[in-house]
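Please build the complex by placing chain C on the supplied structure of chain B, with the hints as guidance.
For reference, the chains in residue letters:
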Amino acid sequence: MSELVRRNVPLIITFLVGMVMVLEYYTVSPEIMAVAEQINTWRVILYACVYLGTINLLRLHGRRVMRRTEGQWYFSAWTILIIVAYAVLGLYYGVESTNYRWMMDNVNVPLGSTMYASLAFYMAAGAYRVLRARNLGVALLLASAFLVIMGNTPLFPAMFPWFAAVRNWIFDTFVVGSYRAIRIGVGLGGVALGIRTLFGLETGYLGRRRGE
Amino acid sequence: MEFIRSGRILPFVALILFGVLMWVYRDQAKKGKVPWIKRIPAFNAMEEAVGRATEMGKSVVMVPGRGSLTDLFVAQTVAGLTVLNYVARLCARNSVKLWVPMANALVIPVARENVHDAYAAEDKLDEFDPVETLPFVSGSQFAWAAGVIGYYAREKPAANIMVGPFWAESMMLAESAARIGAVQIGGTARLYQIPFFAAVCDYVIIGEEMFAANAYLTRDTEVIVSLATTDVFRLAGWAIIVIGAILSTVGIKVITELLGV
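Protein chains in written order, with the working numbering: chain B, 908 to 1119; chain C, 47 to 307.
Please keep in mind that the hints were generated in silico from the structure rather than gathered at the bench.
Take these hints with a grain of salt, some might be off.
Among the chain B residues that face chain C by a calculated CB cut under 10 angstroms, a handful are [unchecked claim]: (1) I962; (2) V995; (3) A1099; (4) T1110; (5) Y1112.
Away from chain B, derived, C-beta distances all over 10 angstroms, residues of chain C [as the list claims (entries may be wrong)]: (6) R54; (7) P57; (8) I86; (9) T100; (10) E101; (11) Y132; (12) K143; (13) L152; (14) D172; (15) A199; (16) N260; (17) R280; (18) T295; (19) L305.
Virtual Cβ for every residue (Gly too), placed ideally from N, Cα, C.
Looking at chain B on its own, in the form it has when it is part of the complex (with noise of 0.2 angstroms):
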């Protein structure tokens, strides 16, 4: 594939999809709501894309296993060995059916719940290294983060009730004016980002930069 075509179709396709979007959201015309509709069925093609998952990680694993990488080709041969059982059981009975749904609610499930429960002892080991009175900003934060903590646990509230309203003087004020500033301006560099890659301007994300 030439050199032009690869830099080129990409850039040509963006912009005349991103047109059709555009047009078919600030206008009524019927013709641009069939074009657009028609453009939302074929984005389900691009789920085919699944399976490159599945291509990288076979061969990934699978060269592993070939090459017995010491310490990791027997962690490699299981991952394969579930890839296959659960590509298996899922096609020959069903996702919906009682065993594929029993491997997923009895491994998958649990899984997932023990490693988000194990979130709260990252954030109390982040809150360790970040909570230390080193100068006034961290001192401040420190507070924040105590009348904060103080104000969302049942008892501290019950027994001062001012912690409630101080947690929520704290949210309603600084937390919430400061996330609004950045929602406004992520809203604003979300769409400048979206013209300048709708006229094919933003080219980084495909790896190269204009004019090489």
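For chain C alone, coordinates are given in the frame of chain B:
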């Protein structure tokens, strides 16, 4: 006959104004008046982080988030891929091992092409192994996080750069990488994850700063011009908020009616 949807006339006019303003800035840039970009330390630190990995003989991890190219967070994924290209280029230049754990199969082809081009630009294609460099770890949130944390523990990378959309796994990754002493640069526009990165990472890219990645890293005039246009719109937004708040307080509802609030 109605052509523009009701309630969307003002955004449509704003979109056209955006284009016109960008054209004006572009014209000025051609005459030598290129807008100034503020210094963002996190972007400067990327070269330093890869340099550290080079000296230590360790790898660099670049995580472009868990977003897709078809969801609400596509802008953040695109920004992450832009940073990926820059980091990949630095790694190729210094012959440092790069590891990019993929969580979304849709992003894999784009990311692979992106890194391929970075290695090609540095004439180091022989060092690029797409399967090992950009492995699909898992599509499941915590399985993916566990895979990345495992890599941190085994390989102990010298630098961990995370730019893109992140969810609950952000703290797990940042804290795990902090424990092994990796230099960390975190950036996301996901509001609830920004404090996590701010707490643990050495450098943080906050919110919209990530969308300036391409302009900052490439210094491309066209991209800088579009950033300047965004800034004008932001100022206009602030002005509307302040004026609208004052007018609403005194009982004049012109702005709120115009915006359909």
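A quick look at each hint next to the structure:
Here the hint on B:I962 is kept, as its CB sits about 9 angstroms from the closest CB of chain C, short of 10 angstroms. Given hint, B:V995 at the interface with chain C, is violated; its Cβ is 19 angstroms from that chain's nearest Cβ, farther than 10 angstroms. Using the Cβ-Cβ criterion of 10 angstroms, the hint placing B:A1099 at the interface with chain C is satisfied: the shortest such distance is roughly 4 angstroms. Using the Cβ-Cβ criterion of 10 angstroms, the hint placing B:T1110 at the interface with chain C is satisfied: the shortest such distance is roughly 8 angstroms.
Contact between B:Y1112 and chain C, as hinted, is supported at the beta carbon level, the nearest pair being about 4 angstroms apart and thus within 10 angstroms. Taking the minimum C-beta to C-beta distance to chain B, about 5 angstroms, the non-interface status of C:R54 is violated against the 10 angstroms cut. Distance check on C:P57: its Cβ comes as close as 7 angstroms (rounded) to a Cβ of chain B, failing to clear the 10 angstroms threshold; non-interface status is violated. For C:I86, the requirement that its beta carbon stay farther than 10 angstroms from each beta carbon of chain B is met, with the minimum near 13 angstroms.
Non-interface call for C:T100 relative to chain B: holds, since the shortest CB-CB distance, roughly 22 angstroms, exceeds 10 angstroms. Every beta carbon of chain B lies more than 10 angstroms from that of C:E101, the smallest distance being close to 25 angstroms; the non-interface claim holds. Not every CB of chain B is more than 10 angstroms from the CB of C:Y132 (nearest about 8 angstroms), against its label as outside the interface. Once the 10 angstroms rule is applied to beta carbons, C:K143 is consistent with being away from chain B; the minimum gap is 15 angstroms.
For C:L152, the requirement that its beta carbon stay farther than 10 angstroms from each beta carbon of chain B is not met, with the minimum near 5 angstroms. Consistency note on C:D172: stated as away from chain B, and its beta-carbon is indeed over 10 angstroms from all of that chain's, at 18 angstroms minimum. The non-interface label for C:A199 is consistent with chain B: the shortest C-beta to C-beta separation is roughly 12 angstroms, beyond 10 angstroms. At roughly 4 angstroms from the closest C-beta of chain B, the C-beta of C:N260 falls inside 10 angstroms, breaking its exclusion from the interface.
Non-interface status of C:R280 relative to chain B is broken: a Cβ of that chain comes within 10 angstroms, the nearest being about 5 angstroms off. At the 10 angstroms boundary, the C-beta of C:T295 stays outside the reach of chain B, the nearest C-beta of that chain being 17 angstroms off. Against the 10 angstroms criterion, C:L305 stays outside the reach of chain B, whose nearest CB is about 13 angstroms from its own CB.
Consistency with the previously given hints fails for numbers 2, 6, 7, 11, 13, 16, 17, ordered from lowest to highest.
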